[in-house]
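> Given next are the chains, with one letter for each unit.
Number of protein chains: 2
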Amino acid sequence: MTVQEQARKARSAALTLGSATRATKDAALLAMADALAKSETAVLEANARDVARAEANGTSAALIDRLRLTPDRIAGMVEGLRDLAALPDPVGDVVRGWTNANGVQVRQVRVPFGVVGIIYEARPNVTADAGGICLKSGNAALLRGSSSAAESNAAVVEALQTGLVDAGFPAEAIQLVPGPREVTSQLMAARGLVDVLIPRGGAGLIDNVVRNSQVPVIETGVGNCHLFVDAGADEQMALNILINAKTQRPSVCNAVETLLVHADLADSFVPKALDALAAHGVAVHGDPQVAAYGEVIPAEDQDFAEEYLSLDLAVAIVASLDAALQHIRRYSTGHTETIITQSQSSAARFTAEVDAAAVLVNASSRFVDGGEFGFGAEIGISTQKLHARGPMGLPEMTSSKYVVTGSGQVRQ
Amino acid sequence: MTVQEQARKARSAALTLGSATRATKDAALLAMADALAKSETAVLEANARDVARAEANGTSAALIDRLRLTPDRIAGMVEGLRDLAALPDPVGDVVRGWTNANGVQVRQVRVPFGVVGIIYEARPNVTADAGGICLKSGNAALLRGSSSAAESNAAVVEALQTGLVDAGFPAEAIQLVPGPREVTSQLMAARGLVDVLIPRGGAGLIDNVVRNSQVPVIETGVGNCHLFVDAGADEQMALNILINAKTQRPSVCNAVETLLVHADLADSFVPKALDALAAHGVAVHGDPQVAAYGEVIPAEDQDFAEEYLSLDLAVAIVASLDAALQHIRRYSTGHTETIITQSQSSAARFTAEVDAAAVLVNASSRFVDGGEFGFGAEIGISTQKLHARGPMGLPEMTSSKYVVTGSGQVRQ
Numbered sequence: 001m002t003v004q005e006q007a008r009k010a011r012s013a014a015l016t017l018g019s020a021t022r023a024t025k026d027a028a029l030l031a032m033a034d035a036l037a038k039s040e041t042a043v044l045e046a047n048a049r050d051v052a053r054a055e056a057n058g059t060s061a062a063l064i065d066r067l068r069l070t071p072d073r074i075a076g077m078v079e080g081l082r083d084l085a086a087l088p089d090p091v092g093d094v095v096r097g098w099t100n101a102n103g104v105q106v107r108q109v110r111v112p113f114g115v116v117g118i119i120y121e122a123r124p125n126v127t128a129d130a131g132g133i134c135l136k137s138g139n140a141a142l143l144r145g146s147s148s149a150a151e152s153n154a155a156v157v158e159a160l161q162t163g164l165v166d167a168g169f170p171a172e173a174i175q176l177v178p179g180p181r182e183v184t185s186q187l188m189a190a191r192g193l194v195d196v197l198i199p200r201g202g203a204g205l206i207d208n209v210v211r212n213s214q215v216p217v218i219e220t221g222v223g224n225c226h227l228f229v230d231a232g233a234d235e236q237m238a239l240n241i242l243i244n245a246k247t248q249r250p251s252v253c254n255a256v257e258t259l260l261v262h263a264d265l266a267d268s269f270v271p272k273a274l275d276a277l278a279a280h281g282v283a284v285h286g287d288p289q290v291a292a293y294g295e296v297i298p299a300e301d302q303d304f305a306e307e308y309l310s311l312d313l314a315v316a317i318v319a320s321l322d323a324a325l326q327h328i329r330r331y332s333t334g335h336t337e338t339i340i341t342q343s344q345s346s347a348a349r350f351t352a353e354v355d356a357a358a359v360l361v362n363a364s365s366r367f368v369d370g371g372e373f374g375f376g377a378e379i380g381i382s383t384q385k386l387h388a389r390g391p392m393g394l395p396e397m398t399s400s401k402y403v404v405t406g407s408g409q410v411r412q
Numbered sequence: 001m002t003v004q005e006q007a008r009k010a011r012s013a014a015l016t017l018g019s020a021t022r023a024t025k026d027a028a029l030l031a032m033a034d035a036l037a038k039s040e041t042a043v044l045e046a047n048a049r050d051v052a053r054a055e056a057n058g059t060s061a062a063l064i065d066r067l068r069l070t071p072d073r074i075a076g077m078v079e080g081l082r083d084l085a086a087l088p089d090p091v092g093d094v095v096r097g098w099t100n101a102n103g104v105q106v107r108q109v110r111v112p113f114g115v116v117g118i119i120y121e122a123r124p125n126v127t128a129d130a131g132g133i134c135l136k137s138g139n140a141a142l143l144r145g146s147s148s149a150a151e152s153n154a155a156v157v158e159a160l161q162t163g164l165v166d167a168g169f170p171a172e173a174i175q176l177v178p179g180p181r182e183v184t185s186q187l188m189a190a191r192g193l194v195d196v197l198i199p200r201g202g203a204g205l206i207d208n209v210v211r212n213s214q215v216p217v218i219e220t221g222v223g224n225c226h227l228f229v230d231a232g233a234d235e236q237m238a239l240n241i242l243i244n245a246k247t248q249r250p251s252v253c254n255a256v257e258t259l260l261v262h263a264d265l266a267d268s269f270v271p272k273a274l275d276a277l278a279a280h281g282v283a284v285h286g287d288p289q290v291a292a293y294g295e296v297i298p299a300e301d302q303d304f305a306e307e308y309l310s311l312d313l314a315v316a317i318v319a320s321l322d323a324a325l326q327h328i329r330r331y332s333t334g335h336t337e338t339i340i341t342q343s344q345s346s347a348a349r350f351t352a353e354v355d356a357a358a359v360l361v362n363a364s365s366r367f368v369d370g371g372e373f374g375f376g377a378e379i380g381i382s383t384q385k386l387h388a389r390g391p392m393g394l395p396e397m398t399s400s401k402y403v404v405t406g407s408g409q410v411r412q
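So the sequences go chain by chain: C and U.
Under the working numbering, the residue at position 250 of the first sequence is numbered 250, and the numbers go up by one with no gaps.
Under the working numbering, the residue at position 110 of the second sequence is numbered 110, and the numbers go up by one with no gaps.
Hints may be right or wrong, so weigh each one.
Identical copies go unnamed one by one, so any copy, or any two together, can satisfy a pair.
[Said to hold, decoys possible] Straight-line distance between alpha carbons at most 20 Å, and here's what the computed SDA-like set of lysine to any residue pairs gives:
| id | residue 1 | residue 2 |
| --- | --- | --- |
| 1 | K9 | A154 |
| 2 | K9 | Q186 |
| 3 | K38 | G76 |
| 4 | K9 | E353 |
| 5 | K38 | R73 |
| 6 | K38 | A85 |
| 7 | K9 | Q326 |
| 8 | K272 | D287 |
| 9 | K38 | D26 |
| 10 | K9 | Y331 |
| 11 | K9 | V215 |
| 12 | K38 | R68 |
| 13 | K38 | A154 |
| 14 | K9 | R330 |
| 15 | K272 | A231 |
| 16 | K9 | R329 |
| 17 | K9 | S185 |
These aren't lab readings, by the way, just hints derived from the structure by calculation.
Could you put the whole structure together from the sequences, leaning on the hints where they help?
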């Protein structure tokens, strides 16, 4: 089946999904969860074949870890689907409404996008998460996973489709889009058939989709996040937040990648920071001023641009708040930026002038997350300015429609 | 100056605009209005040169009418700028906010996009409207008008910039982007420098921008709008709305282009509709079933796909509500679709199943408009599903940012 044919089937399924009630969608989610739980053996066997192939190809241990499914990870996927059933349905929410002077009633109502394409990398658990989130928000899903997880993804989707059909929905509501690389290009060209594309993965994948897609895209996730410690900051607070934001889970997009220290504070703070970072196994890539305080890897310009996603941190000393703002303007990916300060005016300038999905004052960047925000489910963190910006929950997976009701009114 | 250089200057101006208060922006709008009023003679002279060139090139009378400025039209532009000063500022609005269990406060706040590019056709009044709307919403504007209005647009922008500078803003907050066709491509390639592109004009322009832009686009305006008269509809109401929606202003995107009549009603309604349409000078392009009721121009398939923007109307008879929904699914541009019905279940199905920015029950499609919705200002009507859908006022010209404030909290 071509991508176009798959998308047409998805559009037809979307019509059913769009007017489905919450009760029927929740029943489907629970049926999908049950079917996935029952398919544990089949999914693990398929995954073992993917892992064996990846190992034979010399794939890195880190990638194989992302690819590998375990009974625990499958239980997590099953649980995720059940959790979705417990969340409110965004579809049908009245965003706002009013009655015109002539009696015409206007309501802006949340509706599904229609067909959502998700392009993602090796993690097979995304298959269940994304399929479930799309279903709950009334969208048909076209899931374009990576070829390295092909068998795992196929086994998961087969289980999800069993659940869908058990609950009376068309299997085409959640489809895997297999095939060679050109298939991704075909998906990006399917304007009019696919309503939105969401790439989830590394910077290369996201950049490719954003630049080449004719289908509207929601850009997610690359986070070169900065932590600026202002003059007069509470140093202990700064250390706690720095270590948490860098080391609590270094592989995620809201982890801190660059530390900027106000020069006034450097003599006192930098030595403590270097000690604490070393104690937590963090490799510091420092500018020459930082090198004066201890042994560091000399930072190249590229270090300040990089999203390490590892226990590495670029560190620079800046002369002022203005210099920090300028540095962030130059290198930020617009994800999450943090200031540690006791100054009301520094906090106000930082939150106003930094152009990012989230700006934090005296809190860890790790809080910028759909789960921490209480969204219950998260499809990703948008770093673009159109539509949704920041963590995307179920309401962000919808569009809206104006429903206008009259009794014969015409325009004067 | 290259587009890139202009965009860089715009980004720098956007930084000032982004943290400007409403009071200073309103003062600038009033200064822009005053400067434009004072420049009336210069603008009219520039416009006369554009019109003379267009006439010499054999441009159609309709296009010259759109190009031509008069003292009245300039007064309208001045008034538009003053009206903007009276509207609330969307920037800084708190969309939602909450406090997490650990005391971390999260607020989602409206912020400007940054730099907005508007690509538009001959009407020079768009120059003042778009410039004013961008300024009020805190965005720097790159205005790419058509070459046919080059001198008029330059004179208008010069006046606006005088007002900006008088009020203490950088002139680069509103810039005209002149030059040959390639300049439009450069604007569409300026990802990272331009935050959003909004094309305003005909289907060809919009399609070009939507397909080729690497900058995120808000698609506006093409409206192949349908009016479906259901079985059992109030025929007099249907006639009133039909004539209003088709003839009150046929050149706009929310005018009706196709009439669909339920077969059960055809014998009674179609003859009355043909009479009323003829009396209002509307040329009917009818399918063979319609032709049985009177003399019509035979409708080709293309007639049902076309946005006439003139006193032309495609008419078809459909066997059922399902057939009407199917016809609309095939030909709709997702702008505004209307049902005239007395049936609660028909209205419910139509509003749920039709995939459009606005769906109307028993009211004229001409109500789908920023002015009629009470928005005070309108940059266009979005027909896409991401970000804004339907009439776009000032809040739709903003993005948002999460501001997260703590007192040292870290993630467990």
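> Each of the hints needs a verdict: does it hold here or not?
Hints versus structure:
1. K9 to A154: Classified as within; 18 Å inside a copy, 50 Å across copies.
2. K9 to Q186: within (15 Å within a copy, 37 Å between copies)
3. K38 to G76: within (14 Å within a copy, 68 Å between copies)
4. K9 to E353: between (46 Å within a copy, 17 Å between copies)
5. K38 to R73: Within one copy, since 14 Å is at most 20 Å while 70 Å is not.
6. K38 to A85: within (18 Å within a copy, 63 Å between copies)
7. K9 to Q326: Result: close only across copies, 16 Å inter versus 49 Å intra.
8. K272 to D287: Intra 17 Å, inter 82 Å, cutoff 20 Å: intra-copy only.
9. K38 to D26: For K38 and D26, only the intra-copy Cα distance (18 Å) is at most 20 Å; the inter-copy one is 63 Å.
10. K9 to Y331: between (43 Å within a copy, 19 Å between copies)
11. K9 to V215: within (17 Å within a copy, 30 Å between copies)
12. K38 to R68: within (19 Å within a copy, 71 Å between copies)
13. K38 to A154: within (15 Å within a copy, 69 Å between copies)
14. K9 to R330: Classified as between: cross-chain Cα gap 15 Å, same-chain 44 Å, threshold 20 Å.
15. K272 to A231: within (15 Å within a copy, 79 Å between copies)
16. K9 to R329: between (44 Å within a copy, 15 Å between copies)
17. K9 to S185: For K9 and S185, the Cα distance is within 20 Å only inside one copy (19 Å; across copies 35 Å).
Going through the hint list in order, the structure satisfies each hint without exception.
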